[in-house]
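Spelled out, the chains give:
2 protein chains.
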Amino acid sequence: MTSDPEADFTPYLPQKAAVVGCGVIGAAWASRMLLSGVDVSVSDPSPNAEEILTEVLGNAVDAWDDLGLPTNAQGTYTICRSVAEAVAGAEFIQESAPERPDVKKAVLAEIETAAPADAIIGSSTSGIKPTVMQEDMANPERLVVGHPYNPVYLLPVVEVVGGDLTTIGNIRRAQGMYAAFGMRPIHCRVEIDAFIGDRLLEAVWREALWMVNDGVATTQEIDDVMTHGFGLRWAQMGLFETYRVAGGVGGFRHFMEQFGPTLDWPYSKLMDTPDFTPELVDTLVEQSDAQSGMHSIRELERIRDKNLVGFLKVLEENEWSAGKVIADQR
Amino acid sequence: MTSDPEADFTPYLPQKAAVVGCGVIGAAWASRMLLSGVDVSVSDPSPNAEEILTEVLGNAVDAWDDLGLPTNAQGTYTICRSVAEAVAGAEFIQESAPERPDVKKAVLAEIETAAPADAIIGSSTSGIKPTVMQEDMANPERLVVGHPYNPVYLLPVVEVVGGDLTTIGNIRRAQGMYAAFGMRPIHCRVEIDAFIGDRLLEAVWREALWMVNDGVATTQEIDDVMTHGFGLRWAQMGLFETYRVAGGVGGFRHFMEQFGPTLDWPYSKLMDTPDFTPELVDTLVEQSDAQSGMHSIRELERIRDKNLVGFLKVLEENEWSAGKVIADQR
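Top line first, the protein sequences correspond to chains A and B.
Taking our numbering, the leading residue of the first sequence gets 1, the next gets one more, and so forth.
Taking our numbering, the leading residue of the second sequence gets 1, the next gets one more, and so forth.
Simulated from the structure, these hints should not be mistaken for laboratory data.
Treat each hint with caution, since some may be false.
[Unchecked claim] Label-pair ranges, simulated between beta-carbon atoms: (1) P98(B) with E317(A): 37 to 45 Å; (2) L165(B) with G215(A): 17 to 25 Å; (3) T113(A) with N318(B): 45 to 53 Å; (4) M294(A) with P70(B): 27 to 35 Å; (5) E135(B) with G68(A): 53 to 61 Å; (6) Q15(A) with D65(B): 47 to 55 Å; (7) D214(A) with E135(B): 17 to 25 Å; (8) N318(B) with P116(A): 43 to 51 Å; (9) E317(B) with P11(A): 31 to 39 Å; (10) T167(B) with T54(A): 52 to 60 Å.
[As the list claims (entries may be wrong)] Below, in silico cross-link-like pairs of lysine-lysine (DSBU-like), each with a Cα-Cα straight-line distance of 35 Å or less: (11) K313(B) with K324(A); (12) K324(A) with K324(B); (13) K313(B) with K313(A); (14) K324(B) with K313(A).
Built from N, CA and C at the ideal position, the CB exists for glycine as well.
Whole structure, please, built from the sequences with the hints as guidance.
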């Protein structure tokens, strides 16, 4: 089931895809595509691109093995020296360049010099509107935002957003390709900055930063409240479904009657953002080091993946939520 | 490990506890205590209190059985006709009355007429400051907030907050009792409205309501982005640890350099709250019905518990986060 009752897309696996920008996100995109059997050309200005790709792909293969998904029909990857070389002949291109509108626009211009005119271009941007990114494009009708959540090879959601010049047909084609990569493409029908998920994440991020800034709680304490409390809930039921359950047999209306008014209480401090003084940055870094510094990033990634694999297995066994997407993939 | 490096409490299981207010939260508190082997006296003005308690206790027993926690050494419960009868002789009292300061204060006054003067009183309030609740108390030094997350019998976190008149010794005693119920008591050292978790939840709730209000996304779409994306992350790593991993080998400082500035972008709309017009309430109710109306609340509770049991087993096997708390309980 898609979240959009109007959706009418057909899963379609492109023969050849390109990944432009191969940092952590781009490499994870490439890994998901490769594991889906697609040949992927990769370009990135950094000399470390192949190292990042092989490391992330190694994690992805381990994770898919643990989940019992097939890993023996991988596509092949090619590291390219230029964007033009990578995108030539690609049916699908995922752009994961740095998060600045001018950089994104320059990369898109480079892509269009060599990509087939009807290739779908998905952007990994966390918040820039596709209307902004597509304004100088030769074929803007094929640009969509395809915003993933890392680790892209495990978390199935991708938010698909069109700009003013994107056609609905191309949005459906993009959804079909993302679905063929084993993802759940949620079409955000209204174009806003940061789409759906990052608006929520930014709200939490701001509020959490205030608490650290004001000395109310440490990063460890905030994270513990999440992982030992509402984070466990949200891995399997979202905010609205959780609150529906909280409303008891009276359902959502009862919940609203009971808790709606507290929204006007002075509970949060979301009016502006704390200044990123060197002191605040130092505090955040120190607290994060104290919390997690005993693990390397690679260790944390492996722990994260192991946990997520376990959760997804549980969800699949229970035929629930993200687990259904995994089941559909088998 | 507790989150508070200064913490020095000793787990201590009270012989007799009282639960004042037996709705969904109070009943889940009673269930956790009963399963921990404590005798619990319960009072609630509603004639349905015993029905709610037995239903919730049934869910709790199933969940603990699934988790492999012992359920054969339960305490006994007594339904009392008055608050005074319930709290007489109790070493620990958990108050879960409706979320209004005047109601809380009246209930606390009733508790103090009959409770031992040194009984610890924990309040389940989601956001009212203990300093406000304790101002008219005879023995205010023993009042703490003990804010849980539902289902209280499964989610281990409890935020412990003292008011101006609460002694640190009584905060430690309360932490020790919550720990003996199998929980992880996080001491919020700075008293603010809504403590830690509900500040974050309220930020998400507000932003999500704006999206529904503005027609950007439905409750289903918002929930799907959570359960298929960042919710899975937060069941095992919180915001800060997740972002640390996102920063890659550059760590948290690199993450801040990369994404800190986007906080000033116009991503969220958290300046005030939408008006709760009948139209908005209707929209929310309709969307929630469409999303989840095919399941009864009881079904949703069972599904939720099954998922959470699975997650907790995974976390325990991986010796991580909330799973360590379960391991400590065995």
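Problem - P11(A) and E317(B) - C-beta distance against the hinted 31 to 39 Å - result: holds (34 Å)
Problem - 35 Å Cα cutoff - pair K313(B), K313(A) - result: With Cα atoms ~12 Å apart, K313(B) and K313(A) stay inside 35 Å; holds.
Problem - Straight-line alpha-carbon gap K324(B) to K313(A), limit 35 Å - result: The hint holds at about 20 Å.
Exercise for the section: Starting from the range 37 to 45 Å, see whether the pair P98(B) and E317(A) falls in it by beta-carbon distance. Expected result: Given a distance of about 38 Å, which is inside 37 to 45 Å, the answer is holds.
Exercise for the section: Given the range 27 to 35 Å, decide if the beta-carbon distance of M294(A) to P70(B) lies inside it. Expected result: Once the Cβ atoms are compared, 33 Å apart, the range 27 to 35 Å for P70(B) and M294(A) holds.
Handout entry: N318(B) paired with P116(A), Cβ distance criterion 43 to 51 Å
Key = holds (45 Å)
Exercise for the section: Given the range 47 to 55 Å, decide if the beta-carbon distance of Q15(A) to D65(B) lies inside it. Expected result: Holds: the Cβ-Cβ distance is about 51 Å, inside 47 to 55 Å.
Practice task
Given the range 52 to 60 Å, decide if the beta-carbon distance of T167(B) to T54(A) lies inside it.
Solution key: holds (58 Å)
Exercise for the section: Hint says 53 to 61 Å; check whether the CB-CB distance for E135(B) and G68(A) agrees. Expected result: Distance hint for E135(B), G68(A) holds at roughly 58 Å.
Exercise for the section: Starting from the hint 17 to 25 Å, judge whether the C-beta atoms of D214(A) and E135(B) obey it. Expected result: holds (24 Å)
Practice task
Could you see if the CB distance from T113(A) to N318(B) stays within 45 to 53 Å?
Solution key: Once the Cβ atoms are compared, 47 Å apart, the range 45 to 53 Å for N318(B) and T113(A) holds.
Problem - Pair hint K324(A) and K324(B), alpha-carbon separation not exceeding 35 Å - result: Holds, at roughly 28 Å.
In this structure, every one of the numbered hints holds.
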